[in-house]
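Chains A and B supply the protein sequences, listed in that same order. Read in order, the letters of the first sequence correspond to residues 1 to 268 in the numbering used here. Read in order, the letters of the second sequence correspond to residues 1001 to 1267 in the numbering used here.
Everything labelled a hint here was simulated from the structure, so no lab data went into it. Take the hints with a grain of salt, since some may be wrong.
Unchecked claim - Simulated restraints, written as ranges between beta carbons of each label pair:
(1) A:D89 x B:G1012: 26 to 32 Å
(2) B:G1012 x A:K220: 42 to 48 Å
(3) A:P146 x B:K1016: 23 to 29 Å
(4) A:F21 x B:M1001: 45 to 51 Å
(5) B:I1044 x A:R29: 39 to 45 Å
(6) A:D89 x B:I1044: 53 to 59 Å
(7) A:E49 x B:L1156: 51 to 57 Å
(8) B:Q1188 x A:S156: 41 to 47 Å
Backbone N, C-alpha and C define an ideal beta-carbon position, used for all residues, glycine too.
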Amino acid sequence: MITVKNLQKMYKIAKPGEGRFATLKALVRPQYEERRAVDGIDFTISDGEIVGYIGQNGAGKSTTIKMLSGILVPTAGDIKVNGLIPHKDRKEHLRNIGVVFGQKTSLWWDVPVIDSLNILKEMYQVEDSRFKKNLEMFTDLLDLSPFLNQPVRQLSLGQRVRADLAAALMHDPKTLFLDEPTIGVDVVAKERLREFITEINRERGVTVLLTTHDVVDMEKLVSRVIVIHAGKIIFDGSMQGLRERYGGEDADIEAIVRDIYQEGGRTV
Amino acid sequence: MQEIKSGLKMYGALLKMTLRGILQYRVDFWMSLVSVCLLNGANIVQLSVISWRFHALGSWQVGDLLVLYGLFLISWSIFSVFFFKLSKIEDEIVSGSFDAYLLRPVRPFLQLVGGDIKYTGLCDTLLGVVLVPMGLAMNGTHWGLWQILWFVVFVLSGGVIAVCIKFLISCATFWTTKANALNQVFIQIYLLTQKYPVTIFGPAFRVLVTGLVPVAYLNFYPAVFLLGKSDAPFWMCTLSPVVALVLAGISALVWRRGLRRYNSCGG
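When you get a sec, could you build the whole thing from the sequences and use the hints?
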């Protein structure tokens, strides 16, 4: 269960100066720009849902995910994930969640995938039997065996995301945050990732919140979409509802999404 | 107590994995080792040419200079072997790996330290361990148990000081997004103190490397103490462990504030 109330995030970004002694200058008198990345959003996600979090680049998706996972502290508002406040009950919260950023790996670059999984086992203190069972299951579902003993730097993007997904689930988290998990992955690999996420959700009841730009992800994977535009939530409901509101019964989802990205959507 | 124990265990596990990663690049491993030894060789040649031309720098004989350089190398290598990653916070943030540290239920500091081991630094340790007794032999000095004990205290304190200075510079990243310029300034300073007695650069420099960036405590003050030089008062030289403790305290504070700052504004 995730509840978000009036969540806000203002960034104060240090402006890097120009010239030779910019760093020293910045130390003495830092200059900042302010930006409102998330502007008072509310939503509730029940256990076992798969929710798509949609919005243009810079709309506030990643910032929200980072706040939900506890990397960022909100400027205002409340977050509860499985009854815990992410940035306050840090350690306990981290044991309950799994996070995958599609753009960057959280695995160790130079060691074989299996070594990364083993060290995560130590970090999360996963029991031997549990670890073995998970490893078997994920190896099977994600077809990890061909590259389990290869260093992460040698993996293809599709393989890397699969390895990252397995790593994020080794400690049996209740909630999974996926930030653009299908980005740059080929069609076949995408299909497999979708099947896996659906399977994990169905078999283990893992709640999933994922951001994506992929229209097929929206149509096939998620049961509900939340649309964020310029830091505000402009839609929260089913794909069917999204269609009805923005394009009509047989409207093209791609076109609807493009409209929303460009101008916050045209309601019918 | 329990936390220290599990922390050490975690550190061991991380280190084991890191080492295995390093050994994947075998050619690079040997190349780096050879190049560091060559660099050290060049440093010694430079040192001996200067000493040979001038016979001594002020009251510092060639043997004294070897001890000075050796002390620096040993202390510095404690940083470069075990804590090198602490000076790379900028890279970690830019590459996005820093977020990953915050997503695992283990202290980010531990993950950072366990993430790298610079075996090439062992070349420095080795050279330092050879240079110090060599310098003493050239001077015809012998150390008793008392001096050896002080030597150990100095080297360990120096190690802590080196780690803290590099760490603090690196932590500037949290506020300035870049720490490189600051690091460059520091490199220029320690390139002077590593080989030459601080006294030859005048009082202003001495204040700088004692009070502001206390690199003089890596080798100058310990050497003055151990070699019985008159460049600095005795009591000032014994402050080494105190300086180390104070710096460690400041580092812990700055790190905590830096993390909090990262939490509030991200990469």
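- Hint numbers the structure violates, sorted upward? When the structure is compared with the hints, none of them turns out to be violated.
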